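Trainee: One line per chain: the protein sequences are W and G, in this order. Residues in the first sequence are numbered consecutively from 1, following this note's numbering. Residues in the second sequence are numbered consecutively from 1, following this note's numbering.
Treat the hints as calculated values from the structure; they're not laboratory data. Keep in mind that this is a model prediction, so the values were computed, not measured. Misleading hints may appear alongside valid ones.
Claimed, not checked - No farther apart than 20 Å at their CA atoms in a straight line, the calculated lysine to any residue pairs in the SDA-like style are these:
hint, chain 1, residue 1, chain 2, residue 2
1, G, K112, G, D11
2, G, K3, W, D42
3, G, K112, W, D42
4, G, K112, W, G40
5, G, K3, W, V112
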Amino acid sequence: AAGVIQSPRHLIKEKRETATLKCYPIPRHDTVYWYQQGPGQDPQFLISFYEKMQSDKGSIPDRFSAQQFSDYHSELNMSSLELGDSALYFCASSPGGGNTIYFGEGSWLTVV
Amino acid sequence: DAKTTQPPSMDCAEGRAANLPCNHSTISGNEYVYWYRQIHSQGPQYIIHGLKNNETNEMASLIITEDRKSSTLILPHATLRDTAVYYCIVRVGGEVTGGGNKLTFGTGTQLKVEL
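Using the sequences and the hints, build the whole thing.
Mentor: The following block contains the structure:
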């Protein structure tokens, strides 16, 4: 079965640069979630979208923005990168707000 | 979402059943109990969920107490590949309109399966 696809899987950026992560949800899933997991930490919720509209917001820095497009894929844009942004970023999707959420394999971001 | 309490770590011998407990004493009537696991640096993997009845699938069984204040995830025959952090999460589920019913991860239980 198709899963959540994230790209790129690995990304290295320098401080103050910009990075964009992409997420392709499972077909017919209309809800996308973004999580950040720092070293030794548990996944922290950043933001979610339902039917291309932001539906919930967590601890997402102002330097980060995200959107969901008409084909339901989503992009997380991170600007003015800091060393502390180095983390594993997960995207997840679900068919509607109350149903089971499935995660992608994550995108490793390293800021140097 | 209601908070959950799990032991930080557990050990299990390979081939034996692993019983992972979770307390969720403040769970609301419309909140489901979800279990996920995360094998090192991989995406969290859905295991099972339930509202009030016991559930079983090909991966595990979920036993929910009658008062719904606690639950136990059972891996019937643990293998080395089951070594992971297991998260018990309560979340509004079912027929919910709109979106945004996120999962809020706590600290989970590090299960170590040994020979």
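Trainee: What are the numbers of the hints that this structure violates, sorted from low to high?
Mentor: 5
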